[in-house]
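**Q** Which chain is which? The protein sequence lines are A and B, in order.
Counting in our numbering, the first sequence runs from 1 upward without gaps.
Counting in our numbering, the second sequence runs from 1 upward without gaps.
Derived by calculation from the structure, the hints in this document are not laboratory data.
Fair warning: there could be bad hints in the mix.
Repeated chains share a single entry, so a pair holds when one copy, or any two copies, can fit it.
What the hints assert, rightly or not - Below, computed lysine-lysine pairings styled on BS3-like, alpha-carbon distance capped at 30 Å:
| # | residue 1 | residue 2 |
| --- | --- | --- |
| 1 | LYS133 | LYS170 |
| 2 | LYS254 | LYS409 |
| 3 | LYS409 | LYS8 |
| 4 | LYS5 | LYS254 |
2 protein chains.
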Amino acid sequence: MPEVKQHKILLEESELPTRWYNVLHDLPTPPPPVLHPGTGQPVGPEDLAPLFPMALIEQEVSTAQYVDIPPEVLDVYRLWRPSPLFRAHRLEAALQTPARIYYKYEGVSPAGSHKPNTAVPQAYYNKQAGISKLTTETGAGQWGTSLAFACAQYDMECEIWQVRASYDQKPYRKMMIETFGGTVHPSPSDLTEAGRAILAADPDSTGSLGIAISEAVEVAAQDPTVNYALGSVLNHVLLHQTIIGEEALLQLAKVGETPDLLVGCTGGGSNFGGLMFPFLRERWAGRMDPVVRAVEPSACPSLTQGTYAYDFGDTAGMTPLMKMHTLGHDFVPDPIHSGGLRYHGMSPLISHLYETDEIEAVAKQQTECFAAGVLFARTEGIVPAPEPTHALAAAVEEAIRCRETGEDKVILTALCGHGHLDLPAYAAYLEGSVTDTSWDDSELQAAVAQALTRLPQLA
Amino acid sequence: MPEVKQHKILLEESELPTRWYNVLHDLPTPPPPVLHPGTGQPVGPEDLAPLFPMALIEQEVSTAQYVDIPPEVLDVYRLWRPSPLFRAHRLEAALQTPARIYYKYEGVSPAGSHKPNTAVPQAYYNKQAGISKLTTETGAGQWGTSLAFACAQYDMECEIWQVRASYDQKPYRKMMIETFGGTVHPSPSDLTEAGRAILAADPDSTGSLGIAISEAVEVAAQDPTVNYALGSVLNHVLLHQTIIGEEALLQLAKVGETPDLLVGCTGGGSNFGGLMFPFLRERWAGRMDPVVRAVEPSACPSLTQGTYAYDFGDTAGMTPLMKMHTLGHDFVPDPIHSGGLRYHGMSPLISHLYETDEIEAVAKQQTECFAAGVLFARTEGIVPAPEPTHALAAAVEEAIRCRETGEDKVILTALCGHGHLDLPAYAAYLEGSVTDTSWDDSELQAAVAQALTRLPQLA
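In isolation and in its complexed conformation, chain A is listed as follows (with noise of 0.2 Å):
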């Protein structure tokens, strides 16, 4: 009779943890400001007002250890709230290692992946602030999906504009989205002033992030009822993710597990600072001492290749200037598989904390997450979005360095989302069409260093 193993690591809702945790009170040095791009000066409350409601903004810029979690987000979080932990027992055994894998697993979630966890507070508190719509812009469509649910919870209306290449080649989400009452327009659109200029340059443009980020501030900032609402990147996202490290640091110490390593991949930041912060805070209060890796894709090397330098959030250079690593926010990324993790700048915390070396970063190629991600999905049961394919990758790569040493390492996975709707690219990668980044690193650095000589002179 086979040893019963435990899979699952759970915990009940009234163990949901009900405060999120702020990393900016315990960083050994503060990060550099958030800059106005026309005064070099830092922001204040009144430039982001026009977009943010006020406790966001106030979540911003806190360095407060600790935000008290409402009990109206608190309600919906419990929807699928705490998420489980795995230990992934069967992929442990395919690999033959002695090291022991847990993921933390956010595609339980109403969208399928960590992004509610922010998108659900994002809505309520401009709802408190007397906000009766959100508009926001969305790539392949996780965030959009996650702003259309947040918002059907608390009676806002949902605006998106969807990047036109990704509204008419990835249908699925867009359904998704309108299932959950929100409006879905692909950008470039008539109904603003950017997309009609665009429209009237290129009739046939497919759209970029930027253009539809320049769509949705642009009608939110013409009515005082309307705001904006961003994905990641942001101090305030970061913020709400932490809520998944919190429960994983409780679901560790049931088992009487202290992790080793904790890998997780990087687009904006978001998911991986979710999953980090907790741990580094436990790190710097001697509890722990686990290596932080961030996984980032070949074709877009923000920690890696980039430079760390003031550069703006979107491609049109319309926010404030925010000091990160960045690869030029003019950079044009490879197409990959991965749309989540195509974003040419990093999150200013998490750069921060490579710049300090708090945490460490690699790059993986397409093909290398792929080979992972099949190999999860046939033991451990479930198809993983692209993006967490890259940390799998890296804990696969891990667990067979621990097969060679002989170590039983404790490896902590951020398993952020599944890949339901990515079905097409593990088809791909199936039939032999998915391809690596075949630029090497000279190339790479002279697009970068090109794209920096765009950038305003701060750094």
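Model the placement of chain B on the given structure of chain A, informed by the hints.
**A** What follows is chain B alone, placed relative to chain A:
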């Protein structure tokens, strides 16, 4: 501050039931035997041995009250089981009903439905019997996905014939099957005599479930190392699904609830039977007295409009004869979006329970079901598969009735899967292009009567 509401009732893995419940042991009257179409005599194990391993044949006819679940099956079950039971607080609030609505959610499984509950033990028992490959048919693809995953757990091959129309129109399911390591052919194929005969007559055939069964059975029958697997209808399939009801009983007991009404959708009957059979045992033992209601689509109403007669399980007339509620084995239902409910007959066990007044049945039009599905998605955060929206529509109907009468009934609903790969059906509903069945009862009755004239005269 709002009241803290518990949304999920969870079980630890240590609470996972270790036995399946066999309703045959407790039936007030025994069901009619399965007959050999050639002799008209009850079939014996030797008739089934070319396709199924002896362990499953024994389960098909066993009258033991319980069957122990093998530890190797429990280890795979624990990847997702016990599955959660939810209290639908937010749906109740939207309906302003005093009813308490619970739903048992099987969408957390690798395939996203209840089907792996039987795919895993079927693969296991075949592997134990020395079988190295399983064949099957699949329509929309849920069953094929489940069997591909199950075969991957025991290092077996899985070869699937998918109805050509679904193969072409619903490519995501094929992609998921291949991600789990299965092989998919469109049916009719040129790989079998049955397929070649169809293609010779009609090169553009879009196939049918009956043709796909013929192809899968032909390949399995020719090779002693290859067997065939079926995903619904048969006694051993429903036996395996009783894990759902056993868990739900434990979960309701945790919150001190006894159901007044159980509702589940019925196609072949395995999801419905899986949840209901353990509750029928409790009723027969005098421990509760719930109403048990099957919900079928108006486009394929085998229980409410069909005849109780001996009929073939497949369209081509290759299977043994089963006494069941049937619309005639060559009845072709209107196209509806709930592919899993488009079956001409009903499991003999469910049919027998209906005939003996142990359960009741209603038929629902699909627009009412999609309306319930959209309401459910926006309140509970889960996009249901089209099939269980039939159960949700019946639950909503009862909850509204309770609002009018003031009754605080406890309603338990079988939510047998998510609709992530069915989003085009929601898009069609939201744009108004989903239509209800237009035939009147007399037209349907005439079609059924005609189909039944082609049956063997055994009943």
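**Q** None of the hints should be skipped; say for each whether it holds.
**A** Verification of the supplied hints:
In this assembly of identical chains, LYS133 and LYS170 lie within 30 Å of each other by CA distance solely inside one copy; the values are 25 Å within and 35 Å between copies. Taking the closest pair of Cα atoms, LYS254 and LYS409 come within 30 Å of each other only inside a single copy of the chain (18 Å); across copies the shortest separation is 37 Å, beyond that limit. Taking the shortest alpha-carbon separations for LYS409 and LYS8, only the intra-copy value of 19 Å comes in at or below 30 Å, while the best inter-copy value is 33 Å. For the identical chains of this complex, LYS5 and LYS254 are neighbours both inside a copy (15 Å) and across copies (24 Å), given an alpha-carbon limit of 30 Å.
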